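Based on these hints, arrange chain L on the given structure of chain D.
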Amino acid sequence: MTAMTPAGDFRSTYREDMTIFPTRMSRYALWLGIALLCLAPLMLGRYELGLLITIGFSAIAALGLNILVGFTGQISIGHAAFFGFGAFASAWLHEYAHIPVAFCIPLAGLMTTAVGLVFGLPAARLKGLYLAIATLAAQFILEDFFARAPWFTGGVAGRITEPFALFGWRADREESYFYVVLAWVVVMFLMASNLMRTRDGRALVAVRDHYLSAEMMGINLAYYRTLSFGIASFYAGIGGALYAHYLLFVSVEAFNILFSIQFLGMVIIGGLGSVMGSLMGAAFMTLLPEVVQAGADLLAGSPVDRALRLGASISFLREMAIGAAIILFLIFEPDGLARRWRLIRAYWKLYPYSH
Amino acid sequence: MTKQRIMLGAAVAAGLAAVPAAAQPIPVGHLMDNSGATSDVGVPYGQGVADTLAWVNNTRGGVNNRRLNVLGFDYGYQAPRAVSQYQAWSRDRVVAIQGWGTADTEALTRFVTRDKIPYISGSYSAALTDAGGKSGRQGVEATPFNFFYGPSYSDGLRAMLRWSADDWKARGQQGRPKYVHMGGNHPYPNSPKEAGEAMARDLGFEVLSPIVFALTPGDYTSQCLTLRNQGANYAYLGNTAGSNISVLRACQAAGVNVQFLGNVWGMDENAMKAAGPAANGVVFPVRTSAVWGQEAPGMAAIQQISRVSDPSGNAYRPVHYLSGACAAMLMVEAMETAAQGGGQITGERIRDGFYARKDWVPKGFEGVCAPSNFTAEDHRGTMRVPLYRARVGGDTSGSSTVAELMQAGTMKLESLGIVELERKREWLGW
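Top line first, the protein sequences correspond to chains D and L.
Counted the way the UniProt record's numbering counts, the first sequence spans residues 1 to 355.
Counted the way the UniProt record's numbering counts, the second sequence spans residues 1 to 430.
Next comes chain D alone, as it looks inside the complex (with noise of 0.2 Å):
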């Protein structure tokens, strides 16, 4: 993934190649706006906190998934259930163990990571369509499970749970909940910029990008296409912690098919193989439902509503946009949202001598 940079800006050490941050500028904007973020409870609604909450559990498992696709060349169409086994077994070890909420949710990530090391052990052999079709199995395995297991889930009926505390400080509203998912969010995404630095996350992208050459290289394919599954069941299994925590209700009906497919919508839109790409793609898929939500609104009882005889129908314009947009994304933008936001800033940078 080259920035872009403009011409005769050339590296001459590694370690220069190798920064998070090519500029002091964007440095300085990134710590620029983990303030502003932290200034977010001060000024937005509850309502607007709650979306910022849903797009940074939903970011750190679309990125956990991004590790698998985007980085490593794998597929994966049963992220959700991953993402329901960390927050089933979030709730359940505050329930049982009772383990503060604190650390369940780490823990939560690390069972989820075993989980998802076990049903990764067939990507290890498999590649594409074959993968696709193990990892479609694992969906179901899971959901099945969790509606069978009411020891652990609550069965078909789910299970409440207690909201994030630690030390006595309870997070039980948007706005204190906020912070923790925010510096869940922060630790997640610095982790996933740090692992591509490394050679394991050179690793990871070898193999995506040949992995005949990864191989002849010495890289053990088996060993990283597994360890690819576990990293992004872990990063699945934070964010389902995150959501069971904000929730406080975790049901098996959450966790079905079409939300795997709406994790990989999250990270195609966002952009494969870029880590700020997770949390536009989250962004965006958490933010249209709700502008097409504002539209019906506005559409109902009104005299569009009226002459077309929409009525009830208006509860499907919902689900029929966000398809609509997926579909309009891979033909307009297929490199997704991090591209676009390249092409944004280059624009800026290099204005008015683009060439």
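Hints are not guaranteed to be accurate.
Cross-link-like lysine to aspartate or glutamate pairs, in silico, EDC-like; alpha carbons within 20 Å at most [claimed, not checked]:
| no. | chain 1 | residue 1 | chain 2 | residue 2 |
| --- | --- | --- | --- | --- |
| 1 | L | Lys193 | L | Glu426 |
| 2 | L | Lys116 | D | Glu162 |
| 3 | L | Lys116 | L | Asp378 |
| 4 | L | Lys116 | D | Asp172 |
| 5 | L | Lys169 | L | Asp202 |
| 6 | L | Lys116 | L | Glu336 |
These are computed hints drawn from the structure, not numbers from a lab.
Remember, predicted model here, so these are calculated numbers, not experimental data.
Using the frame of chain D, we list chain L on its own:
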């Protein structure tokens, strides 16, 4: 400043203070399933609730001259979506919620109890009736803010089992009848499973192992073959009408001869038309004292309400629409009670409004809405279960509407009388 001016100023100030208070609308949540697995019955019920609340706004100016600001939301029968919508509503400070499914209502009980928001559900799960939390049943918590209009799923099934036992004898059958529970693996069909099986055993039925079929329409031939091989005589259908139709049709094709017992959502006029002769003979509880087209003093009000969404006045309203209207009216009258004597319309006062009357029928709805009794310990609104049998005498697949078919007598709702259950303590919350 003269005295007059002070008086004037005070009057204006008082006016300014009073006007917004009086005109401020009352926020009420309305959770609907218009697009999910139970939308077949969710649409008419939701329409009934929405029309009634709009009618209350139009004809009475809302409650205590404050309009109801009804915040509708279609959650597609997905409990997590309902929970997140609930959190949005609790921020909007809704004073009461008209809800829907069992999974979401049961998931929300702790929240509504904490936030003191009366929740009138479309779920009739018996687990919602133990208001004081005194039943001592495992997994049943106190639900002081959950209400619903009608008999619980369990009580509906108990009544039908009682009818079945009599029916078995009346038909002069020998031996023990066999009973089977059918439904999706979901909190709603599961809700009356154990209660029904226990009652069936008490009544001398042989209880077969339950048969699972999904909440959505599909091919359920294999379930029907199981039914036939087991030799079941009475089968409870725990799902909503749309999915039950698939079973009825498949069983008709497979030549299964079983008396089907639907739950309150398991059969209606639309389903009778869709299933055709396959629906003939299905027994199910109806929550209202009259159905569309029958004569009753309260029908005039229902017809007015119907015109809110159907100005022509030609639409046929299935049983669920009438139940939705009654459920909405209970909430409205409880709000009026809360507002009496200049009281604030708060969640707690609305809950107390539910306890204010005995044999409660909303005013103007006599003969339609069945009498309800709620107490602080017991939220089983009624133990009287009117049973009906669906009668389909001919082909319903043509272009005739439900209204025409009912008028022509091709489809009929035949009353089987009312089963009065005892208000047993040990049945509370079960």
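_Violating hint indices (sorted, rising)_ = Result: no hint breaks.
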